[in-house]
Amino acid sequence: MVNVMMKGVIMTLAESGSSFNHYAALGVLLLMAVGFGVANVTLTTFLGPSRKGEVKGTVYESGMNPIGSARRRFNVRFFILAMTFLLFDVEIVFLYPWAVTFPSLGGEAVDGGLDLLFLGRMLFFVLTTIVAFVYAWRKGVFRYD
Amino acid sequence: MPETLTALGLSHYLMTGAVLFVLGLIGFVTRRNLIIMFLCTEMMFQGVALSLVAGAKFHANVTGQTFVIFVLTIAAAEAALALGLVVMMFRRRGTLDVDAWQAMSG
Amino acid sequence: MNVFMDKLALLWPEVAMMLGAVACLLAGLSSRQSLRKATPAVAMLALVVAAVLVRLVPNAQGAYDPGVDPSHFLGLGGMVPFVKMSVLALGLILVMVASGTPEALRQVIAAEAKEGKAFEPGDCFRGEFYAFMLFSLTGVMLCAGASDLVWLFLALELTSLPTYVMAATSRDKPAAQESAVKYFFLGAMSAAVFLYGFALIYTATGLTEFGPIVAYVEQNGVSPMMLTGVVLAVVGICFKIAAVPMHFYTADVYEGAATPVTAFLAFVPKTAGFVSLIGILGLVGWGESHGGTASELPEPLVYLLALIAVLTMTVGNVLGLMQQRIKRVLAYSSIAHSGYMLVGLLVGPEAVHAATGSNTLLSNGLAAVLFYLVAYGLSTVSSFAVVACMSRADGSEVETYDDLAGMRQRHPFLSGVLLVSVISLVGLPPLVGFLGKLYLIGSAYAAASAGSATAWVYPAVVVAMVLNSAISAGYYLRIAAVAFFGTDSGQTVELDLPTRRWGAAIAAGAALLLGGLPGNLLVESSRKAAEPPLPNAVPGATLDRQNADDTPPRETAEAGPASAPH
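Protein chains in written order, with the working numbering: chain A, 1 to 145; chain B, 1 to 106; chain C, 1 to 566.
One thing to keep in mind: the hints can contain errors.
To be verified - The list that follows gives simulated cross-link-like pairs (lysine-lysine, BS3-like), each with its CA atoms no further than 30 Å apart:
id, chain 1, residue 1, chain 2, residue 2
1, C, LYS37, A, LYS139
2, C, LYS117, A, LYS139
3, A, LYS139, C, LYS528
4, C, LYS114, A, LYS139
5, C, LYS173, A, LYS139
6, C, LYS37, C, LYS114
7, C, LYS37, C, LYS173
What the hints assert, rightly or not - Residues on chain C that point at chain A, a partial pick, calculated with CB under 10 Å:
id, residue
8, LEU25
9, LEU26
10, GLY122
Derived from the structure by calculation, the hints contain no laboratory data. Glycine included, every Cβ here is placed at the ideal spot set by N, Cα and C.
Pulled out of the complex, with its shape left as it was, chain A reads as follows (with noise of 0.2 Å):
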């Protein structure tokens, strides 16, 4: 939706052929970068519920202590949980060409379900995802006493 509103401006703005057209898109992108911002906050501030309170007021409500110096320690279980988030985020990287491609590949032009094929492929794939996943549990990584 947005993405089609952004091609209608994008398209407009070519098509007014005023000198600065190559910046166009950066420029269209900067506003509803800008604007995207400044409307959550205003909007949220308008519509939203107002509580206020000590807790409420802080800035993260989990209770983590915003206050004091950034360069704390962190606890080295977050370093190995963030290098888990990597693993599956690269694999997602994998899914998304294949599924957009998947549509395509079934159906009479392709003698021999080359859909199902690919589908296996990819169910290995994500076979030896879960052996990592499974490793990482017997190592302990989701582990939190």
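Keeping the supplied structure of chain A fixed, place chains B and C upon it in accordance with the hints.
Frame of chain A; chains B and C shown alone:
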């Protein structure tokens, strides 16, 4: 894409990629903080990725884009490894300055 | 599609290695101590199974159609089984040498002390160590099978990434971690450099598969961007082989890591580097052997490689002469050997310099490199393994010449092994190192007599190589002399690790045997390995191609780009 937006040629993208790569290289050689140095290698990788995507667009095939996905994967693996090594070094030495480690020389 | 499935069918050895690595990981985490202790055995089993599979899987040579896929040295060439077999054989020795390394770490000992349910898998990283060895070896095997830039990049990284962790976790001393950080950061930087080279090759041609790129280059010549890409790729890969612009890490890393890991580092990434260099250089040169018209490498590359080769061997040997600590000496020696092997790459396969018409190892640079890789691997692994077999009385590693002094009295067996490996490294007959150097020099000599524009480079390189061998004798023989004629330091004890001892002995024994008559087997197989893939693997096709040099290759060159898949 409208034509006006593609007036930037292949060489512009390649130059940007080269600049990113060289900036990263210079940073890697001159900086002495491990994390900054690692960020510099990441910057070199991004320069490469930009060149690859530009090449893919120029040749109108997707091989370059596929290559970029694999590059990103390797970059992520390296990031995880770098994080582990940096944490380990910091626990041992209490600093991330490379000049602090001169146990071996010669 | 079919190409993909054919390719997959060739990968069973790698699949076996991967499964073996996973098995190692799981065995290392088991709650039963006996199973955990069996981890090195699992790794060795995986290597043996993979070796059997290499023999069983049909050779790639017959599996492709040259009309569709112009031949290239990697991926589809005869090199694949040779590299895989030698990597697996050396890998077996390396696992034998490395067994006992993680078990000596304080953290692992503490974790192993807890019985049964109390065992905490998070504290123990014995399985990871062996699994990473297998992963790294798999990476080298994949490098040999690569037929695509993306594949080659991933294989190179698979080779390198585990070695960083192995270096970091191999010893309790901070030096190990320091060296690993150095190794990793420079490694990441070099990876970015050769990756940029790959990106430029892709941008110049729009292709990542080797065959189509070769065909493209034959039609359109080498563009400046392509050449820049190849140069950057070569410079980046110089890190893996520890050659001159990227050699700074070598001595520190080799010294900091535990000695068995050092032996691993001295052989495995180096093999991966040389195999990839053959692939990358094959994109722009040596064309005649796979059906092109351009024979030699482009002129700038010839000069660049010659310069790197001469500088590498000189730097390695001169600095090696000045070192006092054994592991640093051997580290610089490994740099120097990379310099020697680069000479073989410079010369290229025999078809380029077919002045003599004889198909011997003496005129084939690539075969000489492949032979030398095995020869160097055996000698250097056994010399590092001997150092790893001993320790000082206080448990620290053997470091200086003084520690080795008078070894003959206390450890007669080990000193014999050390003597064999050191003499093989110098390159004296009757050991395998001698044959290796002979073939490298012979190939350069053959190239010099071929009379191309750059032929003057080869005699210069040969002179540098001979002079450097003389310099290197200085420190190698010093090691032998100290061990045999020095006065006993009385400080060293032999570790109780029979597999490590046998690993050293097997490597040295192989170096001794292959220098003699059985060496002909290795000669023969490395010669076959360096042959370009045969069109449809018809017997006698080599002869046909040598006599009539324009029939099949031209068709190949024209058919290639049109049918290049995207």
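Taking the hints in turn, this is what the structure says about them:
no., hint, in the structure
1, C:LYS37 / A:LYS139, "holds (18 Å)"
2, C:LYS117 / A:LYS139, "holds (14 Å)"
3, A:LYS139 / C:LYS528, "violated (46 Å)"
4, C:LYS114 / A:LYS139, "holds (16 Å)"
5, C:LYS173 / A:LYS139, "holds (24 Å)"
6, C:LYS37 / C:LYS114, "holds (14 Å)"
7, C:LYS37 / C:LYS173, "holds (24 Å)"
8, LEU25, "holds (6 Å)"
9, LEU26, "holds (8 Å)"
10, GLY122, "holds (4 Å)"
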